[in-house]
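Undergrad: For reference, the chains in residue letters:
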Amino acid sequence: MTEQTVKVSIRNLYKIFGEDPQGALAKVRDGMSKPDLLDQTGHVLGLQDINVDMHEGKITVIMGLSGSGKSTLIRHLNRLIEPTAGEVLVNGEDILAWNDAQMRSLRRETMSMVFQKFALLPHRTVLENAGMALATRGIAREDYEAEARKWLARVGLEGQDEQYPHQLSGGMQQRVGIARALASNSDIMLMDEAFSALDPLIRTDMQDLLLELQEELHKTIIFITHDLDEALKLADHLVILKDGAVVQQDEPQQILLTPSDPYIEEFVADINRARVLRVRSIMSREAPEGEVAGDVAPGDNLESVIAKAGGEADRVFRVTRGDEVLGHVSMVQVLRALVPRQAAA
Amino acid sequence: MATYDGLFDGLGLRDWCDTEAADGPMSMADLLAKTQGGGDAATSLRDLPFPSLDALHDACAAIPQSRDLTQGLETGFLGIRDALRVVVDPLTQPLSWALENMLWLMTQTPWWVMVPVLLLVTWAVARSWKVVGFVALMIAGLAFVDHYEVAMQTLAIIFVCAFICVLLGVPIGIAMSRSDRLQGILTPVLDMLQTLPPFVYLIPLIFLFSVTEPKLYGIAVILYAIVPVVRLTNLGIRLVDPDVIEAADAFGMTKRQKLFGVQIPLALPNIMAGVNQTIMMSLAMVVIASMVSAPGLGILVLRGIRNLELGVGLVAGLGIVVLAIALDRVTKAALARIDASQSSR
Ligand SMILES: Nc1ncnc2c1ncn2[C@@H]1O[C@H](COP(=O)(O)OP(=O)(O)O)[C@@H](O)[C@H]1O
Ligand SMILES: [Mg+2]
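These protein sequences, in sequence, are chains A and B.
The first sequence maps to residues 1 to 345 in the numbering used here.
The second sequence maps to residues 1 to 345 in the numbering used here.
Hints in this document: simulated from the structure, not taken from any laboratory.
Some clues are possibly wrong.
Simulated crosslink set (SDA-like; lysine to any residue; CA at most 20 Å straight-line) [stated by the list, open to error]:
hint	chain 1	residue 1	chain 2	residue 2
1	B	Lys255	A	Tyr263
2	A	Lys117	B	Asp249
3	B	Lys258	A	Ser105
4	B	Lys258	A	Gln253
5	B	Lys258	A	Lys233
6	B	Lys258	B	Ala284
7	B	Lys255	A	His123
8	B	Lys255	A	Arg124
9	A	Lys242	A	Ala269
10	B	Lys258	A	Gly138
11	B	Lys258	A	Lys58
12	B	Lys255	A	Pro165
13	B	Lys258	A	Ala140
14	B	Lys258	A	Leu127
15	B	Lys332	B	Phe50
16	A	Lys58	A	Arg29
17	B	Lys258	B	Phe134
18	A	Lys117	B	Leu84
19	A	Lys242	A	His218
20	A	Lys58	A	His237
21	B	Lys255	A	Ala101
22	B	Lys258	A	Ala101
23	B	Lys255	A	Arg79
24	B	Lys255	A	Ala269
25	B	Lys332	B	Ser179
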């Protein structure tokens with residue numbers, strides 16, 4: 001893996017909801033489980049010993065079922081929720097030690113957020129909403145207009161400046177939400193189920209838009225979702241959360257190939273592996289026996305390799321990037337990778 | 001001889017009763033008992049009196065009578081009256097001043113200036129020619145039957161009192177929305193203000209101020225009418241979509257920016273509904289306050305009752321209805337305008 005800077009980092013983070021979180025924390029550290037804690041003390045164990053590094057310029061996806069603590073986790077990054085224990089480091093600094101003024105400047109300049117239910121200001125126009133972060137910094141309307149307009153255009157919302165949010169469709173409202181976050185020009189973007197409220201087709205469009213923007217902007221994005229397809233499509237790093245604890249985190253391809261526990265195996269069982277898995281995740285360095293039938297790129301998915309082989313099971317392909325040969329992949333390897341480990345065992 | 005004699009004898013309190021007995025003034029019941037030549041000893045169970053203060057007093061002179069309670073309240077109030085006056089008098093002096101001046105202004109300005117000014121205000125608030133025309137018709141009707149001056153007096157008092165209600169009520173409502181404790185303290189106070197029969201406000205006020213002072217009725221009107229604007233401001237701010245508030249926090253708004261940029265604008269429809277009710281309640285109270293010399297249509301209603309002048313009372317009553325409808329239409333039009341400009345939810 002290439003050299004990467006850690007932009008945001010969560011260390012040993014715990015969150016317990018209830019009257020006496022510190023008392024409950026001691027019990028959790030002694031090994032009490034979430035249901036027991038709720039039964040015996042009435043406290044909700046929101047998050048439990050979370051450790052995640054989020055790399056600069058990458059999309060970190062946090063995935064889990066509803067109630068697994070995703071929203072709670074992401075709100076710790078800008079301290080909309082205060083942790084019970086642990087550290088949150090942004091650019092290496094522990095923001096839990098920061099005062100109100102420092103937190104405000106973090107929220108205004110370093111971290112922006114996109115919400116599941118859009119959360120636009122209903123009494124402000126689209127343009128004013130897009131410029132909200134800038135206006136909050138005290139920039140006058142005539143000075144932020146150009147910037148807000150630029151980002152509205154960038155997300156495909158030209159000429160709607162004077163509309164009000166309720167006049168727009170859900171997809172368009174979320175475009176305003178994204179423009180608002182981008183216009184703040186922050187390095188870090190938090191997205192809490194940003195596309196979950198949208199229709200499937202529009203959701204796909206928005207995912208493509210996000211990837212396209214990311215290609216160009218290289219933001220550090222923390223993206224929350226409960227949808228595995230969405231997670232696999234967007235993630236550079238995938239964190240799987242269950243009952244407030246991290247079950248596995250890795251590159252998404254690795255999670256598919258080597259799920260660490262039955263919960264994840266079950267989760268990934270219904271995925272179209274041929275479409276998600278890529279050549280680079282299964283190729284081998286040394287050439288296998290047999291004649292090379294053609295060249296494939298490391299980013300090609302297995303579906304396209306199968307198509308290239310025309311269904312023949314004995315083909316071997318060379319994996320190349322430009323002129324450089326990276327390795328080889330055989331149809332046998334491809335077919336093996338298509339079978340989930342659980343079924344094979 | 002009294003019913004509860006035995007009780008005090010049994011408890012061994014007889015001595016205390018007799019020594020503590022101060023020779024208070026004789027109550028009516030005592031007098032009656034005396035003239036009837038004492039009660040007979042054999043009281044049947046059917047006639048057993050409730051052990052009230054008066055009944056217990058009969059048996060034990062040390063127990064005070066109910067009359068002493070009311071009298072005690074009165075002397076107590078008279079005792080603190082002067083101290084209270086020192087504080088309340090200067091504090092409320094601007095109210096007298098405002099009422100006197102407004103009354104002077106609205107009755108002394110020639111009608112051909114006053115009426116257009118009122119219509120202009122109507123236009124500014126309601127932005128609807130229909131409403132302006134309606135108000136013009138109402139004023140013309142009142143003036144035609146020579147009720148112009150009294151109607152202006154009533155309006156003057158309402159304008160001053162409603163304005164002060166909003167001036168005090170909105171900040172109180174905002175403070176309530178921010179603190180559950182304050183809400184807990186103020187809610188019973190507001191409940192009491194709202195359920196006390198309007199006449200009851202007048203009783204202590206009459207003791208406190210002289211009947212010739214306008215602030216006497218001013219305070220009564222304000223106390224009665226301030227409740228809805230406080231309640232609805234509090235409610236309106238509490239009902240603002242929490243997602244939007246979270247977005248405001250996430251983009252680093254200060255409390256002030258949030259209050260003026262998000263909470264108040266979004267609570268405005270509710271606040272305006274409160275203002276509408278406050279104005280209607282001022283009108284109701286200003287009529288009752290005529291009993292303590294508030295000028296206006298109420299005086300004529302009172303005359304109708306006192307002198308059995310049926311026609312005078314009925315016309316003045318109808319005049320009040322006309323004013324009520326006009327005030328309601330204008331404030332409702334303003335409310336509708338606000339709703340339309342941010343028909344968010
Ligand atoms: N303020 C709160 N008080 C008590 N429990 C809470 C609170 N917020 C969240 N929880 C609990 O924490 C868990 C995680 O919630 P959340 O982070 O919203 O999950 P997700 O976003 O993954 O659906 C849930 O069990 C929820 O009931
Ligand atoms: Mg959530």
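Undergrad: Is Lys255 (chain B) within 20 Å of Arg79 (chain A), Cα to Cα?
TA: OK: Lys255 (chain B) and Arg79 (chain A) at ~16 Å, within 20 Å.
Undergrad: Is the straight-line distance between the alpha-carbon of Lys255 (chain B) and that of Ala101 (chain A) 20 Å or less?
TA: The hint holds at about 12 Å.
Undergrad: Take a quick look at whether Lys258 (chain B) and Leu127 (chain A) sit within 20 Å of each other, Cα to Cα.
TA: Distance ~19 Å between Lys258 (chain B) and Leu127 (chain A) Cα, so the pair holds.
Undergrad: Do the alpha carbons of Lys117 (chain A) and Asp249 (chain B) lie within 20 Å of each other, as the hint requires?
TA: Judged against 20 Å, a Cα distance of about 15 Å means the pair holds.
Undergrad: Is Lys258 (chain B) close enough to Ala101 (chain A), meaning Cα to Cα at most 20 Å?
TA: OK: Lys258 (chain B) and Ala101 (chain A) at ~15 Å, within 20 Å.
Undergrad: Given the hint that Lys258 (chain B) pairs with Lys233 (chain A), does the C-alpha gap stay at or below 20 Å?
TA: violated, 37 Å
Undergrad: Would the pair Lys255 (chain B) and His123 (chain A) pass a check requiring their Cα atoms to be no farther apart than 20 Å?
TA: With a Cα-Cα distance of about 18 Å, the restraint between Lys255 (chain B) and His123 (chain A) holds, given a limit of 20 Å.
Undergrad: Holds or violated: are the alpha carbons of Lys258 (chain B) and Phe134 (chain B) at most 20 Å from each other?
TA: Not satisfied, since the Cα-Cα distance of roughly 39 Å exceeds 20 Å.
Undergrad: Need the status of pair Lys117 (chain A), Leu84 (chain B): alpha-carbon distance at most 20 Å?
TA: violated, 54 Å
Undergrad: Is the hinted pair Lys242 (chain A) and His218 (chain A) satisfied, with a Cα-Cα distance of at most 20 Å?
TA: violated, 29 Å
Undergrad: Is it true that the CA of Lys258 (chain B) sits at most 20 Å from the CA of Ala140 (chain A)?
TA: The given pair, whose Cα atoms are some 17 Å apart, holds under the 20 Å limit.
Undergrad: With a cut-off of 20 Å on the C-alpha distance, tell me whether Lys58 (chain A) and His237 (chain A) pass.
TA: It holds: about 8 Å lies between the C-alpha atoms, which stays within 20 Å.
In summary, the numbered hints that this structure violates are 1, 4, 5, 6, 11, 12, 15, 16, 17, 18, 19, 24 and 25.
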